[in-house]
Amino acid sequence: MVHFTAEEKAAVVSLWAKVNVELVGGEVLGRLLVVYPWTQRFFDNFGNLSSESAIMGNPKVKAHGKKVLTSFGNAVKHMDDLKDTFAELSELHCDKMHVDPENFKLLGNMILIVLATHFSKEFTPQVQAAWQKLTTAVANALAHRYH
Amino acid sequence: MMVNMSLATCLGNSSRALKVSDFPPAMVLSHRLLVVYPWTQRFFDNFGNLSSTSAIMGNPKVKAHGKKVLTSFGDAIKNMDNLKGAFAKLSELHCDKLHVDPENFRLLGNVLVIILASHFGKEFTPDMQAMWQKLVAGVATALAHKYH
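In order, the protein sequences belong to chains L and S.
Position 58 (the first sequence) corresponds to 58 in full-length UniProt numbering; numbering is contiguous.
Position 100 (the second sequence) corresponds to 100 in full-length UniProt numbering; numbering is contiguous.
Bound conformation, chain L alone (with noise of 0.2 Å):
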């Protein structure tokens, strides 16, 4: 089990306060798919994907976005039992979804990479640190059921 120190508690919970869940889940699930072009593989229902403009203005992808966020708020709430808390979410990406478990660090990178554009100055190396701890420990949560 992942041990989070109180501070580091803190440092993810007062930013999470501040994060506008369903502009940032968009800008996180956008960016996955422009960077990792692969990942689009796992929407193949989601229209338009043939551009940046297209990926990041597409409702479908700004909506899963908001949903991928939300469910990360989850997170935030359970920091002391990820794994219990995501094992039908694992189960679910294993045998239903078919996704790599490596994507889930892709999209642990992203969170990262948009809560530093929209922090700047805020999103310092202790604040980072904690949340790099957190997305490393959902991702492997997330992984934790596969067979």
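Be careful, since some hints might not be right.
Claimed, not checked - Here are the computed distance ranges between Cβ atoms for each label pair: (1) LYS96/L x LYS61/S: 49 to 55 Å; (2) ASN79/S x ALA54/L: 28 to 34 Å; (3) SER71/L x HIS148/S: 41 to 47 Å; (4) ALA6/L x ASP45/S: 27 to 33 Å.
Rather than coming from a laboratory, the hints here were simulated on the basis of the structure.
Think of the CB as a built atom: it goes at the ideal place given N, C-alpha and C, for glycine as much as any other residue.
With chain L held as given, fit chain S onto it using these hints.
Just chain S now, kept in the frame of chain L:
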């Protein structure tokens, strides 16, 4: 790595905007790496006090080394069609003398992208991010190329 002109131009522009050799990001690169991935401190035993975040952030050897590393990235931008050639000597150095696990080159690349993101904010568009990630991945591969 074959890269087209517009990528090279865009990267050149953004690195000039950064004023690569002087700008604070040059100095924070090493700081962030050592804070966010603390095991990387093992490569900097002779850097003195790395015992806390504030010690790391104020350490002059860390700043100087960050500047050196970022200047080397500047060289990457000038040699984007021949990264393996450009980094051959550094690759041998990191393998034979410094004994650095090449995974760390990817971590450093991640930190650089995050610093750019936090500095440029909205200007660090998805397309610009994609270009920089491609470059840092290319540099990490080039630095690992002479490992044996």
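So, going through the hints one by one against the coordinates:
| no. | hint | result |
| --- | --- | --- |
| 1 | LYS96/L x LYS61/S: 49 to 55 Å | holds (51 Å) |
| 2 | ASN79/S x ALA54/L: 28 to 34 Å | holds (33 Å) |
| 3 | SER71/L x HIS148/S: 41 to 47 Å | holds (44 Å) |
| 4 | ALA6/L x ASP45/S: 27 to 33 Å | holds (30 Å) |
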